[in-house]
Amino acid sequence: MALTRSQTRTVTRIFWALSLSVVAVPFVFPFLWMISSGFKSATEIFGQLSLIPDTWRWGNYIEVFTYQPFARQYFNSIYIACAVTGITLILSSLAGYALARMRFAGAGLLMLFLVSALMVPEEVTILPNFFLMKWLGVMDTHVPLILLPVFGPHGVMATFLMRQYFVSLPKELEEAGKMDGLSRLGIWWKIALPMSRPALAAVAIITFLFSWNLFLEPLVFVSSLSNFTLPLALSNFTDPYGAPLWHLQLAATSLAVVPILIVYLIAQRQIIESFAMSGVKG
Amino acid sequence: MTDTTETTARKPRAPWLTLRRREAIEGWLFVSPTLIGFLIFFLGPLIAVVFYSLTEWNLLSQKSTYVGLANYTDALRDNPDFWHVIRNSVVFAAGLVPLNMALALGLAVALCRPGKGVVFFRTVFFAPVITSAVAWAIVWKFLLQGEAGAVNQMLAGIGIDGPNWLREPNWAMFAVIVTRVIKMVGLNMILYIAALQAVPRDYEEAARLEGANGWQIFRMVTWPLLAPTTLIIMVITTIGSFKVFDHIYLMTGGGPENGTLVLAYYIYEQAFEFFNIGYAAALAIIMFVIVLALTVVQLLLRQKGSS
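Chain order of the listed sequences is A and B.
Here the first sequence stands for residues 1 to 282, numbered as in the working numbering.
Here the second sequence stands for residues 1 to 307, numbered as in the working numbering.
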């Protein structure tokens, strides 16, 4: 029996939804498994596949905080990410504004210079930076974790993004500001910044996540437990013999991932757009 | 006294601070925080690493001696580890980039038009991108444990006897590549969706009127229009795959039998575990050159494509 047109369409649609669902399994399952295993005992994690624990061990989530200063490490990650984001927003919008809107000798060259820096991986400069930080006496502090992301390739990309956005803003409003006697700084603060909310949001989102997920830098610059950031803390749940404490590690990982996931679910459109914007233009 | 003498007497000299000079000074002031930080924490170190690479310097000996290009010849000629590492990095990139891009394009085509469920699926495929690589690697390390791991339990369910993924060199590389693709593909998917949405509808309509089917439209109209995006994605993804560190560090530690020892991990190991500063610096410069070459090649390709 031949199908009608609308029936064919329905069949195609179901086929699409089914195949996408199958592809989605390795994207979703790790999260579900992680959260459910955080409630299991170490033996049960590998005992069976069921996503529902036999007994819910809420105690895991308390032990996470007593095993190492997890609350402190959590706070470290939050405040470092906020500091990096704040400083990056100010510096990148200042520099981006000047590069987009002000005429001065060397601006073009400077732009080229900065953009070429995007090609240099952090791994290349981390060794001299290690000695620089040692010389400055800031090893095992959070100073390198704030300075390097702000001034590394990521900061350059933020500057570049802001510049691209400022270039596209209409000039007339600025002229009006000039008429009203605003200084350059005033124009930047009172006119340019309020008009660039989408770009600022994009830079803020990717910068926060970038800092939050940083691993190599904390690994190299930080050594004491109370100065750890979350990514380091997560890889540190081992017993004295180096064997992983699975249940604690997964409970801690859930605690680190779930808040970000919730924020993502609420603001997913904005977050995805931010990445699209930075990816296409950076 | 007449008016004219007064005006000539008061004729102002051109002020030093012209509007143009003023703007230049302000411009440099605006960029100076970024520029100074960039010079200190980025350009300075980049120059320093070149000098380090010309020295023999073990942290324990506390002093460095100039050895010329010895570190480079050591890497390129004398040390077989180096070529093993390069081979691993190339295998990683050669496996990851096509897989990532094909999957990203497929998902983007499926999800570029508004419809029921599209937002849901986009959210799902993008979620690993914002998750920290550490969390992702930790969870997959568990899922891929020998017999007890969830992946092998599932495979057993359909009668397949899975390998001990992270303990066998070839399977470990495969597992690392696939889990990395799942983590990062959402980003490329989004870039492709943005590009697909910018494809003018008229072109497709015209092709349809000529009697082209869906596949022909994609091949003859959409795909050529995506070429610039494809190249950009290729640059970003290839460079990203040469820089992969955290994923390897946490899932395999470079093992088993150095089967997943890639360049970024090797540099870290030489620098911060064995403290071979000069050798590590030479490796870093080699990495820089590789990334630079990749970028230049692909920029040239892009120019050729657009002309």
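In case anyone wonders, no lab produced these hints; they're calculated from the structure.
Be careful, since some hints might not be right.
[To be verified] Straight-line distance between alpha carbons at most 27 Å, and here's what the computed DSSO-like set of lysine-lysine pairs gives:
(1) Lys141(B) x Lys134(A)
(2) Lys63(B) x Lys134(A)
(3) Lys243(B) x Lys141(B)
(4) Lys190(A) x Lys178(A)
(5) Lys171(A) x Lys190(A)
Evaluation of the provided hints:
Pair hint Lys141(B) plus Lys134(A) does not hold up; C-alpha atoms about 34 Å apart against a cutoff of 27 Å. For the hint pairing Lys63(B) with Lys134(A), the CA-to-CA distance comes to about 16 Å; that is within 27 Å, so the pair holds. Proximity of Lys243(B) to Lys141(B) is assessed by CA-CA distance (about 20 Å); at most 27 Å being required, the pair is judged to hold. At roughly 11 Å between alpha-carbon atoms, Lys190(A) and Lys178(A) fall within 27 Å of each other, so this suggested pair holds.
Distance hint between Lys171(A) and Lys190(A) is fulfilled; the C-alpha atoms sit about 14 Å from each other, no more than 27 Å.
Taken one by one, the earlier hints fail for this structure only at number 1.
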